[in-house]
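Using the sequences plus the hints, can you model the full thing?
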Amino acid sequence: MHLYVVPTYKQLWACKAIIRNDSILCNRSKMYQCDNSSKCISIYRLNDNVRDCPYNDDEQLTMVNSTCKLDYFKNYFKCKKENRCISRHLVGNGICDCTEHEPGLCEDENPDYDLSRKKVSFQTICDGFTELLPIIIDGQNQTDETECEQWSCNNTYTHCNSLWNCFDGADEIDCDRSPTINCPLYHHIRISSNTTQFMCLPIEKANNGQIDCLGGTDEPKLCRSHDHILSSGYFYCEQNNKGICLSPSYLCEHE
0 MHLYVVPTYK QLWACKAIIR NDSILCNRSK MYQCDNSSKC ISIYRLNDNV
50 RDCPYNDDEQ LTMVNSTCKL DYFKNYFKCK KENRCISRHL VGNGICDCTE
100 HEPGLCEDEN PDYDLSRKKV SFQTICDGFT ELLPIIIDGQ NQTDETECEQ
150 WSCNNTYTHC NSLWNCFDGA DEIDCDRSPT INCPLYHHIR ISSNTTQFMC
200 LPIEKANNGQ IDCLGGTDEP KLCRSHDHIL SSGYFYCEQN NKGICLSPSY
250 LCEHE
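In terms of numbering that gives the first Met the number 0, the sequence shown is residues 0 to 254.
Note that these hints are calculated values from the structure, not bench results.
You may find that some hints are simply not true.
[Unchecked claim] Straight line, CA to CA, 20 angstroms or less: simulated EDC-like cross-link-like pairs of lysine to aspartate or glutamate: (1) Lys38 to Glu58; (2) Lys77 to Asp96; (3) Lys77 to Asp47; (4) Lys38 to Asp56; (5) Lys79 to Asp96; (6) Lys38 to Asp51.
Shown next as structure tokens:
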């Protein structure tokens with residue numbers, strides 16, 4: 000019963016009008032009147048991915064620009080790149096509601112990104128990921144990844160942190176105390192792209208340009224961003240002879 004009723008309820012929800020057509024109520028500062036309708040809703044319900052107005056104007060992103068300037072801005076999240084606001088309910092929901100700064104990077108899904116571009120902790124220096132915005136020193140662009148030749152990629156901070164800080168992933172070997180299969184030294188435990196079974200991948204085959212494992216997990220450079228926050232969990236697929244990188248949230252969607 001629930002399976003059939005809920006979809007119908009969602010479709011009809013937008014048609015639900017207020018009990019009384021009270022112009023005083025609709026003219027209140029914290030109320031929004033739907034286009035071509037007598038229905039008005041709380042402004043806190045704007046742009047929350049729930050269609051409340053018959054014509055869906057409460058979900059049109061351009062309709063909520065003015066809310067950024069209101070006193071109750073705390074209920075909204077400001078997309079800096081577009082200078083507009085979205086409901087805080089949409090922050091961290093697995094969907095990019097602000098425009099992506101670059102593939103895989105979204106303000107509302109990575110709220111700490113802006114801070115990480117200005118300040119980093121000591122342990123993230125020379126970890127293989129550029130976190131700081133470049134600054135010019137002595138005529139050259141310098142970041143937290145500059146002059147790292149003598150800095151070991153496998154150290155106390157990077158070892159077994161679930162990220163390949165070393166190009167071949169040496170910092171992530173022998174991290175599982177109860178491995179699914181027993182592998183020789185200097186091997187990664189992965190799933191074979193041919194058999195879909197667990198396999199032992201020699202470290203020499205890691206990031207060598209040849210995909211041996213499901214999702215290209217042995218070739219993280221294919222989907223790797225230079226940014227620490229965007230670097231883990233992407234799944235490599237080939238479609239129409241073209242490689243694409245998918246976020247885990249897009250897997251098993253039957254599309």
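**Request:** Starting from the hint list further up, note which numbers the structure goes against and sort them upward.
**Result:** Every hint satisfied by this model.
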